[in-house]
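If you count by the numbering used here, then the sequence shown holds residues 45 to 183, one letter each, in order.
Quick caveat, the hints were computed from the structure, so don't treat them as lab data. Please note that a few of the clues may not be correct.
Said to hold, decoys possible - Lysine to aspartate or glutamate pairs mimicking EDC-like chemistry, simulated, CA-CA at most 16 Å apart:
#, residue 1, residue 2
1, Lys-118, Glu-92
2, Lys-74, Glu-128
3, Lys-52, Glu-129
4, Lys-118, Glu-99
5, Lys-52, Glu-73
6, Lys-159, Glu-128
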Amino acid sequence: DAPQKNLKEISKYPMLSTSSTTLLDFLNEKFQAINAKANYRILLDGFEPIIRLVEANAGIAILPESVTVRYREKFNFSFVRIEEEWALRERRIIFSNIEFLSPCARKLINIIIKKYLQAEPEDQTIEHYLEQRAVHIPA
45 DAPQKNLKEI
55 SKYPMLSTSS
65 TTLLDFLNEK
75 FQAINAKANY
85 RILLDGFEPI
95 IRLVEANAGI
105 AILPESVTVR
115 YREKFNFSFV
125 RIEEEWALRE
135 RRIIFSNIEF
145 LSPCARKLIN
155 IIIKKYLQAE
165 PEDQTIEHYL
175 EQRAVHIPA
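Let's have the full structure, built from the sequences with the hints guiding it.
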């Protein structure tokens, strides 16, 4: 019987996760936010051991989608997307100074803008998408 796509329901099933990682910390925060506790059965080092135990029906796991894609040809398991806002992962490209980006780095950023933000980089400069949150501490 497959778990539902929300964290409250997932907490009812024996879970497998990584030990001492930001993923584990992140999941624990999310469980605490809904006043639930994860039912961790085993904590392992790495995604492949987790997937091996999922394949052996030892429990379920919450893993990045990229991991499921990478291992779905090698192992026999099913997956569902968690349909909650917290499950969407955000990534950032960081750099110290846009003026010093190489042409190659600028091209990569433009490709990412076009693909993931559905925008034409020519219409908006990279600077348009910058989030300037860096703190400068005077010497």
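Mind checking the alpha carbons of Lys-74 and Glu-128 for me, to see if they're no more than 16 Å apart? holds (11 Å)
Starting from Lys-52, check that the Cα of Glu-73 is at most 16 Å away, please. Given that 16 Å is the threshold and the Cα spacing comes to 13 Å, the pair holds.
For the pair we were handed, Lys-159 and Glu-128, check the Cα-Cα distance against 16 Å. violated (23 Å)
When you check the alpha-carbon spacing of Lys-118 and Glu-92, does it fall within 16 Å? holds (10 Å)
Check the hint pairing Lys-52 with Glu-129 against an upper bound of 16 Å on the C-alpha distance. Holds - the C-alpha atoms of Glu-129 and Lys-52 are around 14 Å apart, at most 16 Å.
Taking only the CA atoms, is the gap from Lys-118 to Glu-99 under or equal to 16 Å? holds (11 Å)
Violated hint for the displayed structure: number 6, the only one.
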